[in-house]
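For the protein sequence lines, the chains are A and B, in the order given. Counted from 1, the first sequence has number 412 at position 412 by UniProt numbering; the numbering is strictly sequential. Counted from 1, the second sequence has number 181 at position 181 by UniProt numbering; the numbering is strictly sequential.
Any given hint could turn out to be false.
Just so you know, same-sequence chains aren't split out, so a pair can sit in one copy or run between any two.
[As the list claims (entries may be wrong)] Distance condition first, Cα-Cα at most 30 angstroms in a straight line; then the derived DSSO-like pairs of lysine-lysine:
#	residue 1	residue 2
1	K634	K214
2	K214	K169
3	K506	K633
4	K214	K298
5	K633	K310
No wet-lab data here; the hints were simulated from the structure.
The residues making up each chain are set out below.
There are 2 protein chains.
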Amino acid sequence: MDFSSFLTSLSTSFIIFVILMILFAWLSTKPGNAVVYYPNRILKGMDPWEGSRSKTRNPFAWIREALSSSEQDVIAMSGVDSAVFFVFLSTVFGIFVLSGIVLLPLLLPIAITERNAGIVDSTGKNAFDDLDKLSMAHLNNRSARLWAFMASCYWVSFVSYFLLWRAYKHVSDLRATALKSPEVKPEQFAILVRDIPYSSEGYSRNEQVDTYFKSMYPETYYKSMVVTDNKEVNKIYEELEACKKKVRRAESIYSDSKKEPNPQGVRPTHRLGFLGLLGKEVDTIDYCNEKIHELTPKLEAAQKETLREKQLASALVFFNNRTTAAAAGQCVHSQIVDTWTVMNAPESRQLLWTNLSKTYYAREIRQYVVYLIVFLTICFYMIPIGLISALTTLANLKKLAPFLKPVVDQAEIRTVLEAYLPQIALIVFLALLPKFLLFLSKAEGIPSESHAVRAASGKYFYFSVLNVKYAICRLIYTVSNLRFFVGYGLELSRIVPLIIFHLKRKYLCKTEADLKEAWLPAELGYATKVPTDLLILTIVICYSVIAPLIIPFGAIYFGLGWLVFRNQILKVYVPKYESYGKMWPHLHVRILGALILFQITMVGYFSIKEFIYSPLIIPLPIFSLLFAFVCSKKFYGFFQTTGIEVASHDLKETPNMDLIFKSFIPPSLNPDKLDDERLDDGGASYDLRPGLDAYAQTQDV
Amino acid sequence: MDFSSFLTSLSTSFIIFVILMILFAWLSTKPGNAVVYYPNRILKGMDPWEGSRSKTRNPFAWIREALSSSEQDVIAMSGVDSAVFFVFLSTVFGIFVLSGIVLLPLLLPIAITERNAGIVDSTGKNAFDDLDKLSMAHLNNRSARLWAFMASCYWVSFVSYFLLWRAYKHVSDLRATALKSPEVKPEQFAILVRDIPYSSEGYSRNEQVDTYFKSMYPETYYKSMVVTDNKEVNKIYEELEACKKKVRRAESIYSDSKKEPNPQGVRPTHRLGFLGLLGKEVDTIDYCNEKIHELTPKLEAAQKETLREKQLASALVFFNNRTTAAAAGQCVHSQIVDTWTVMNAPESRQLLWTNLSKTYYAREIRQYVVYLIVFLTICFYMIPIGLISALTTLANLKKLAPFLKPVVDQAEIRTVLEAYLPQIALIVFLALLPKFLLFLSKAEGIPSESHAVRAASGKYFYFSVLNVKYAICRLIYTVSNLRFFVGYGLELSRIVPLIIFHLKRKYLCKTEADLKEAWLPAELGYATKVPTDLLILTIVICYSVIAPLIIPFGAIYFGLGWLVFRNQILKVYVPKYESYGKMWPHLHVRILGALILFQITMVGYFSIKEFIYSPLIIPLPIFSLLFAFVCSKKFYGFFQTTGIEVASHDLKETPNMDLIFKSFIPPSLNPDKLDDERLDDGGASYDLRPGLDAYAQTQDV
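Could you put together the complete structure from these sequences and hints?
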């Protein structure tokens with residue numbers, strides 16, 4: 001690539017970014033769009049524009065806001081996990097800035113002033129163009145100038161160690177602060193017990209768990225909730241909820257129809273058959289009300305039966321103080337250690353209920369099977385894609401779907417299809433991959449959503465790094481350096497969600513609930529965001545000394561990412577769960593992995609340059625391993641569990657154990673519907689879904 | 001080796017064994033020898049011959065006694081560790097008996113009836129003699145008879161799995177029973193805390209530990225004992241104790257001398273210089289009494305100073321119930337997990353005090369350095385031995401030590417020395433090796449004696465197995481099959497300790513304490529006994545299918561070993577500590593290792609025999625790995641720590657926390673000598689050294 005075309009492409013995408021930013025500034029001030037640009041604030045019951053100057057339409061106002069927001073704001077709006085994501089972005093940004101400040105002024109002049117004999121490559125053309133003159137490749141073999149590049153390797157490494165160490169310490173403090181908070185958090189009073197052995201004494205599971213834990217914790221044990229097989233009850237519950245929604249929709253349509261010339265209105269109807277297109281036509285409101293009437297007692301019966309008959313071999317056990325719960329979640333309880341296995345309970349909203357009752361060895365076997373599948377996917381993913389491409393050649397398409405023939409026979413469409421069919425197959429595969437990996441991670445038997453996301457993210461990262469060719473093609477000099485401006489512009493301006501929201505509002509939404517569903521934002525999606533960032537980090541850090549010009553682009557990518565996502569996290573995205581920074585060790589290890597890859601690459605590169613002092617670089621990967629070892633021994637244990645020191649901090653109030661217990665009951669076994677002893681009605685509840693509750697309050701007002 | 005010489009050698013050593021057994025039956029009935037043959041019973045305050053018929057001088061009576069003793073007897077006399085050792089011996093014995101019952105009648109006829117073409121080896125001589133006809137080597141390549149040998153491999157493997165599984169379960173039960181015993185065991189109320197961070201708040205270590213744990217365990221925390229640097233106080237204490245002993249000795253000599261013609265007696269004297277041979281002559285009693293007078297206040301001052309000024313960064317922390325202590329020993333306490341590291345406390349008598357204050361990273365570094373040293377020792381141990389042999393050739397000896405010349409010049413001595421000098425160097429090395437390995441294991445920073453012994457035993461095993469040539473030479477067909485009879489005979493008859501005891505009694509012992517010191521038995525010495533047994537097991541199991549005739553010898557080795565050591569454990573050896581069976585996982589893994597080695601050997605051997613179905617044996621090592629995995633997941637965790645379920649069993653009495661605390665005070669900081677608050681006088685004590693205390697009682701009576 002020559003320098004001018006590089007600059008053209010860079011400035012083009014920068015201009016697109018600026019246009020999108022101006023668009024964002026304009027669109028976000030319109031009150032009708034507030035639910036698209038400020039959903040997180042709205043859900044928290046805050047005024048969207050409170051304290052902000054966005055109304056001035058200054059396209060840079062959001063930058064000022066993002067920069068002036070503190071870490072405490074992020075934690076308050078979006079939790080510790082989001083704060084940790086910013087620590088990651090700022091740490092990597094810091095590494096690139098500190099590296100760039102030294103490497104650019106040092107290495108670029110050294111490289112460009114080297115008198116190179118003009119190495120001629122095999123094609124007979126001079127292999128170096130403008131950009132390459134600025135890289136280590138331009139140096140002569142055995143040049144004394146290589147010393148500067150070696151020193152740079154040490155600089156980049158030590159800057160990374162320093163910032164990573166500070167970051168790990170900081171994240172550990174964030175986690176500790178959150179865990180020792182005086183707020184009552186239900187999951188801090190519970191442990192998850194799995195692999196409950198078969199009891200021969202004729203106890204029910206409930207009695208068995210109670211007896212077992214009461215004998216060990218006579219004073220602090222509160223109650224247990226045995227995990228049940230909820231498949232049937234969930235099905236009835238969902239059917240019931242769907243009916244209720246349908247009734248509300250139908251009533252809204254009916255009342256709307258009354259306002260029009262016809263004051264009687266038109267009662268909505270639907271058909272019972274396939275997709276509502278065939279079969280008998282019925283009055284929707286009457287039919288659904290009848291169905292609700294029919295399903296409600298059925299659900300109650302199913303709930304009772306489930307609680308009594310479908311108890312599985314795992315349970316949530318509650319203690320009336322969090323120190324005991326934290327300790328109990330870490331201890332070996334049984335003499336046979338593959339029974340009564342315990343862990344600190346995850347939040348109730350991120351429990352993967354169907355995984356809880358998988359047995360120890362089932363989990364182990366599933367894990368290894370999944371690893372094998374992922375390994376095969378990484379190695380051989382081109383095979384199914386190739387097959388699909390082969391099957392979907394135009395000739396085959398025409399044979400398989402003759403009705404497409406008139407379309408396909410048009411010359412332009414034909415050209416496009418022929419050129420892009422294989423790429424489309426690849427794109428579809430890559431789009432589905434994260435979902436597939438998340439599905440696999442859940443199939444491992446992992447008990448919590450956040451853990452599954454971490455596992456999927458790890459798999460995605462390995463896929464990216466190990467398919468180096470794909471990764472390099474996709475990222476270096478194309479996505480990573482140029483197009484990410486466009487991506488950030490789209491992220492910030494939320495053009496696509498905005499259009500979808502307005503279309504839905506116009507044509508589909510009938511009730512308030514429909515409308516809310518239309519704008520309710522997704523979570524950030526760490527499972528794909530994090531591996532992509534890590535991949536870019538890996539590539540930039542690997543080339544940082546070889547071609548230092550890449551560093552500013554890495555810095556811009558992470559710096560701008562920090563700004564854009566700071567805005568999005570504070571105003572848009574609503575996290576689905578909180579894992580108190582458990583993502584960090586995962587990130588830390590992979591950043592270090594990237595660093596080691598860089599160091600090993602450099603060992604090789606110095607050897608290629610025939611630099612006789614190249615062994616001097618060998619200590620670097622050893623330092624990195626030592627650093628990883630020390631960090632893991634010093635910090636990691638606290639991310640796996642809750643230190644007693646932290647859990648033993650005082651609470652601001654005596655915990656209401658009944659509410660804590662209820663917060664873990666899955667919705668299909670809803671307490672409001674049952675008169676079972678353990679499920680009696682309660683007035684308040686612990687704020688598990690702050691967003692939704694706060695929204696409900698604002699709606700009431 | 002031909003068959004007749006084999007039989008001769010076998011019968012010779014058997015006859016020696018029988019002679020030694022008769023000698024044992026005769027000697028052990030003499031009352032004067034009771035302290036040599038029944039020290040364990042005497043120390044427990046029991047009648048040596050109580051309930052036994054040894055007085056009948058029936059040389060087989062001890063066998064009946066050993067066979068009729070129950071596991072409970074062993075635990076009562078010698079603890080769980082000894083019982084576990086017998087589980088090991090009987091499991092291996094069982095493996096060999098069950099294998100032998102099937103393999104001998106099946107394989108020997110198959111091997112001997114094979115019409116072998118008479119393979120002629122490179123020396124031109126028929127390579128097979130009588131014994132070899134009974135082995136797998138005698139089969140023709142690709143013979144269908146190899147199927148029987150393959151089936152035998154499966155039989156041996158599955159017999160091993162079955163017995164090992166039963167044994168692991170049984171040992172786990174033994175451990176659980178001991179740990180849930182209603183007796184108060186001081187170590188179950190304590191945890192060992194290391195890596196206490198530096199406190200900037202001006203607290204003393206004691207206050208720091210108290211504050212930290214009191215906040216987490218407000219109701220169950222009792223007290224802490226900060227580990228101190230006892231080097232100086234130990235030195236003074238030992239000096240004082242030596243003086244006291246000297247006084248007692250001198251007084252005894254003085255009073256003895258009075259009985260003789262001279263009624264005034266002769267006051268013993270000694271010289272103050274080098275080894276008591278040079279310098280001023282002083283009256284021993286006066287001199288030592290004066291010294292005691294001088295040292296006692298010095299010791300008290302040193303004790304106070306040590307407790308106040310020399311507190312180190314580790315502590316024993318006591319809780320007033322064992323459930324909390326068991327839980328606290330397993331939990332992550334601190335946010336920074338390389339500080340405040342905890343573990344369940346070992347018994348006070350096996351604490352390695354000087355290791356307790358080693359910091360986390362010091363322990364890690366020491367561990368790796370020790371591993372490196374052991375690795376180098378295993379690989380290159382022949383080099384120092386070779387050097388020593390070279391230096392100690394006769395010519396060199398004469399040069400270095402001219403005074404030896406007249407001895408060395410004698411023809412017979414010269415021949416012997418020339419032939420055996422290198423072997424002597426090797427023997428000396430091998431004799432010192434276990435001590436060296438134990439020293440290295442302690443240098444790793446391991447906090448307890450039993451753990452250090454396990455570590456040393458592991459290292460010794462690797463040394464034996466990896467130096468295969470040395471191992472095979474030493475054991476197969478020489479030690480393992482023939483000479484072990486002699487070894488067992490010597491063990492049983494205790495000829496050597498008997499002679500040493502009588503010599504000491506006659507010439508050295510002056511006081512009761514001296515006498516007791518002379519007969520006080522050692523412990524069994526698992527650090528060398530176990531690796532030797534494991535090595536023999538490895539060799540026998542590896543050859544079990546190739547040469548099934550080895551199996552009976554293996555069975556006799558372990559069966560006879562069981563009998564002899566049952567006798568010795570019940571009557572002779574006094575264990576120095578109790579680890580509640582923590583040795584078992586160590587044994588289990590190594591037995592499985594031997595099995596896998598056997599299976600891999602067989603894969604190779606079947607391939608050499610060009611047996612086309614040899615891949616059918618490949619599943620076996622995989623089964624073994626799976627078996628190891630399941631065992632480790634099912635049982636191992638409980639051997640690393642104390643399950644809460646087990647610790648929460650009721651005690652028969654409220655524990656006296658003061659006594660528990662005192663039982664951990666090292667002798668040099670003896671409570672009787674100090675009026676410090678934490679060290680006030682107490683009347684009773686928990687039975688930490690049951691042997692010694694019981695002995696003291698019998699002496700009083």
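Structure-based check of all given hints:
1. K634 <-> K214: Answer is between: at 24 angstroms across copies they meet the 30 angstroms cutoff, but 34 angstroms inside does not.
2. K214 <-> K169: For K214 and K169, the Cα distance is within 30 angstroms only across copies (26 angstroms; inside one copy 38 angstroms).
3. K506 <-> K633: neither (56 angstroms within a copy, 59 angstroms between copies)
4. K214 <-> K298: Neither, since 35 angstroms and 53 angstroms both go past 30 angstroms.
5. K633 <-> K310: between (42 angstroms within a copy, 28 angstroms between copies)
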